[in-house]
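Colleague: Residue numbers (this note's numbering), protein chains in the order written: chain B, 1 to 150; chain R, 1 to 186.
If you are wondering where the hints come from, they were derived from the structure by calculation, not from laboratory data. No false leads were mixed into what you were given.
Taking lysine-lysine pairs in the BS3-like style, the calculated list, with each CA pair at most 27 angstroms apart, reads: (1) B:LYS85 with R:LYS126; (2) B:LYS85 with R:LYS78; (3) B:LYS101 with R:LYS155; (4) B:LYS69 with B:LYS49; (5) B:LYS147 with B:LYS82; (6) B:LYS85 with B:LYS48; (7) R:LYS155 with B:LYS110; (8) B:LYS82 with B:LYS101; (9) R:LYS70 with R:LYS177; (10) R:LYS97 with B:LYS85.
All of these numbers come straight from a predicted model, not from anything done at the bench.
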Amino acid sequence: MKIVKIIAIILLVAFVGIQFIPTTRNQSDTVPSTDFMLVNNVPETIQKKLQVSCYDCHSNNTQYPWYNKIQPVAWFLEDHIKEGKAELNFNEWDSLSSRRKASKLRSIIKQIENGEMPLDSYTLIHSEATFTEAEAEELINFITQLKDSL
Amino acid sequence: MKNLQMSIAAMLLLAVSFTNAQEKEKMNHDHGDMKMDHSKMMNKNSDAKAEAILSDYFNLKDALVADDTKKAAQSGTKLVVSLRAFDMDSYTKEQQKELADIIEDAAEHAEHISESAIDHQREHFKTLSKDITDMVAITGTKSTLYEQFCPMYDKGSAWLSTSNEVRNPYYGSKMLKCGKVQKTIQ
Numbered sequence: 001m002k003i004v005k006i007i008a009i010i011l012l013v014a015f016v017g018i019q020f021i022p023t024t025r026n027q028s029d030t031v032p033s034t035d036f037m038l039v040n041n042v043p044e045t046i047q048k049k050l051q052v053s054c055y056d057c058h059s060n061n062t063q064y065p066w067y068n069k070i071q072p073v074a075w076f077l078e079d080h081i082k083e084g085k086a087e088l089n090f091n092e093w094d095s096l097s098s099r100r101k102a103s104k105l106r107s108i109i110k111q112i113e114n115g116e117m118p119l120d121s122y123t124l125i126h127s128e129a130t131f132t133e134a135e136a137e138e139l140i141n142f143i144t145q146l147k148d149s150l
Numbered sequence: 001m002k003n004l005q006m007s008i009a010a011m012l013l014l015a016v017s018f019t020n021a022q023e024k025e026k027m028n029h030d031h032g033d034m035k036m037d038h039s040k041m042m043n044k045n046s047d048a049k050a051e052a053i054l055s056d057y058f059n060l061k062d063a064l065v066a067d068d069t070k071k072a073a074q075s076g077t078k079l080v081v082s083l084r085a086f087d088m089d090s091y092t093k094e095q096q097k098e099l100a101d102i103i104e105d106a107a108e109h110a111e112h113i114s115e116s117a118i119d120h121q122r123e124h125f126k127t128l129s130k131d132i133t134d135m136v137a138i139t140g141t142k143s144t145l146y147e148q149f150c151p152m153y154d155k156g157s158a159w160l161s162t163s164n165e166v167r168n169p170y171y172g173s174k175m176l177k178c179g180k181v182q183k184t185i186q
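With the sequences and hints as input, model every part of the structure.
Modeller: Laid out in structure tokens, this is it:
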């Protein structure tokens, strides 16, 4: 029994300890002029869907859930956001060359088609981020059009 | 008590391995820098660099033809290195801009190929092939290349080969000979 208690105390101390390790927050008040929505004529339904399903990890502004301040959740989120933005940052869309845009659009189509994005770990909590079949089709059609017009 | 000792030991071990890993990373970085300087010095012959990219690309293609995910991933890793080592000093400003764009895009696809399953590798190989073809249009190449085309994969997809015999990297053993030569590059 004593051992269990000691281990519990150690874990508690560790848990409290890691709360003091700072994380960077992905937040910004301004939307740069290079933003995907600003430079493309995006239908409103698709705008909303992208905002809800993609922008948390693929833009400079995350709508953080309440538990984001608790470690180790914050690390997990920070990591995902960093990785997401490195792959694709919608805010910086227009700074990409046509070749890079075409590449990214192709990847978006594939990821949605294969149901790989949004990530399961994301839709688990953000159920509204999931794409219905109709929503997926609408987005893919739009992105395909955009790609062909480049 | 024994349990407690064990967990303390485990934590210590974790801490040690963590710092070790960090140091290793630092070392890798240093090494990387050194390597870069080295390649810059060696880099008088930019044609050789383009050929190195092509050779890695063909290894990757052959791995996909053979349905070999692991070898494709390894070739992808090598391709990232040869792409980044490409020296474009001898090209005009405009060509340099185009080449930099091609290489950035190609390196991203090669990176994905180095860490994906075969279906994904093939998806990325399609765009990568376009990048490499555009690169060759600027750099040229010593050997004769064949641009081949498979009308079935993803609404039609092309790739480059050193042989005019068709071996399909998008389908591998499933449809090894599907496709045709659509252009000869000399």
